[in-house]
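Participant: If you're matching them up, the sequences are chains P and D in order. Take 123 as the starting number for the first sequence in the working numbering and just add one per residue. Take 123 as the starting number for the second sequence in the working numbering and just add one per residue.
The hints are simulated quantities; they were obtained by calculation from the structure and are not laboratory data. Heads up, the beta-carbon is just placed ideally off N, CA and C, and yes, glycines get one too.
Here are some of the chain D residues that sit facing chain P, going by a computed Cβ distance under 7 Å:
id, residue
1, PHE151
2, GLY152
3, MET159
4, PRO179
5, ILE182
6, PHE189
7, GLN193
8, ALA194
9, VAL275
10, SER308
11, ILE315
12, ALA321
13, GLY322
14, ALA325
15, TYR329
There are 2 protein chains.
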Amino acid sequence: MDSIKRNEIDIVKIGASKINEVDFENLAFGNIFTDHMLVCDFKDGNWQKPTIKPYEPFLIDPSAKVFHYGQAIFEGMKAYKDEDDAVWLFRPDENFKRFNASAKRMAMPEVPEDIFLGGLNEILKIEKEWVKKGKGNSLYIRPFMIAVGTGVVAAPSSHYRFMIILSPAKSYYSGEVKVVIAEHFSRAANGGIGAAKAAGNYAAQFYPTKLANEEGFQQIIWTDDATHTKLEEAGTMNVFFRINDTLFTAPTSERILDGVTRKSLIAIAERDGIDIKVQSVLVSELLEAAKNGSLKEIFGAGTAAVVNPIVGFSYKDDYFELPKIENSMASQLKDNLTNIQYKLAEDTFGWTVKI
Amino acid sequence: MDSIKRNEIDIVKIGASKINEVDFENLAFGNIFTDHMLVCDFKDGNWQKPTIKPYEPFLIDPSAKVFHYGQAIFEGMKAYKDEDDAVWLFRPDENFKRFNASAKRMAMPEVPEDIFLGGLNEILKIEKEWVKKGKGNSLYIRPFMIAVGTGVVAAPSSHYRFMIILSPAKSYYSGEVKVVIAEHFSRAANGGIGAAKAAGNYAAQFYPTKLANEEGFQQIIWTDDATHTKLEEAGTMNVFFRINDTLFTAPTSERILDGVTRKSLIAIAERDGIDIKVQSVLVSELLEAAKNGSLKEIFGAGTAAVVNPIVGFSYKDDYFELPKIENSMASQLKDNLTNIQYKLAEDTFGWTVKI
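Using the sequences provided together with the hints, build the complete structure.
Facilitator: So, in structure tokens, the structure goes:
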């Protein structure tokens, strides 16, 4: 990947790395950050010179628009280390494109490629020791942009901050995942911002998810807000349903995030001869399949979670347990995907990009 | 209004006030802040001691959840000064209740009354010089709460910051307001967070509003996202429609904010014998009324905007101009409301609260 030119970035390195204080075997997801962060401001109509500097809190005005009007977007990516200590990204161009699509929907400036991808390349070279070898280990990458311009008037900011922070990760979920099918609450509106990775989409799910947690469920599978009859996504994951030997996942829309893991699994499934249909599953079809035994698997897919099997779901007053399956499509697809990401299998798609 | 006890709040006053640098005759809305702010953190499961201190930027971690997941809510209120230099609030209990309803929906802790209302009382006593006499002048009050806890994992924070900042104001809008009736984009989902004053609801409107601005319109009147046939609200204002001599405004719902100005205007209209119906107007009914001449007025209502007449609207390819009306219901209701707020008319409702 092309790097940003050295003279187009300021680099201030930390005195002593904190890497030796980190227990890489016992990482909680997203709580530990590397030594450096990338910061680049947009103001006066232009992107300023990016800086890589020690990770630390920064000063912000109480009237910053991100606090009042929620102008904030992000991406989730991972860096992987192969057996030869090379560091790789997976389809970074897809995250870059989606980030700028989110920016457009939230009336924020698009980030130039040399700052987003070039800057990412540069900070990953500095932080390469934080990417650990071994399947399951990765460095989670969080590019994000917030409105730092001031003023409590509901209009787009003229001052933004793009940042990249990095967090070493093992896996996102642990334990069995049971889900609730949404009957009342919703994640996104037609003509809304559900397809954008906008901060506000996530907080909106916390209360319904808390209610689900209290009933012993970890996640919610959202349904369309108008009729609650179509299965959509799980908020931090897209969702796949296997009925007999056909795999279904909802088409992307204004309400559904165009997940990179989702589209990669679809491509792998097609390559491997799995019967995959990009088609909405109705709640009624799911219930019918659960009752007649044709529902074999449900799993979530996302960068943080990778592929996450769902062991059961509840709808209204009923709970349905998924069958335990040998050689599940979930595990087959996960292996094939992660083997590409960790350079353990040939990348016939050209998805991996070396740092 | 009961104040918070002195020993339950830390007060650090500014050295020299900046009030003399402010041109109170030429205030842009929401850009100038008073000398002090109130700050109160929630952590370890408890609200900490609030502090009133000089208004200034504060340090925040790049992984603060407000930036990534949009856990952020706010309120909009105003303080008014009467002819005897007393400072008044208007229905502050309504904002307090709505703030905590928003907190609940966003899985944030509710703020105790002594911190929200008691703290507000205390900071207004300190900042009373910033409230200027004269109808139209006010001190805009922005209580807000953000998730300052760290970590890029999509789950509620355990650390929050409640703040009150204050901004001297004249009026919100200037010039004529023309609106677009939404055909495609939406503000809120059924089962979503449209009824909460959540930050994410506002940024979601910026892009569609920008498109409207480019066509010469200032605001959008949102329609229900499922069918785009029902007129709902204008994003920063509730909306009223006068057809012949009947005034209509949509009932509150999960998609519509329960506006304090809206409910106050309804009460005043009922008291004054205006035929008011809390009932959705369909786009088709609006078009019919505009065509047959029975549509007399449209106006927005909100704390910042107070009452804002709309001079015309567009729908699809048509533009409809509203008639110019003497003694409009908009101006009658606005006068009656602001006379109560500025203590120029008897407050038969018991809405005003002295600081």
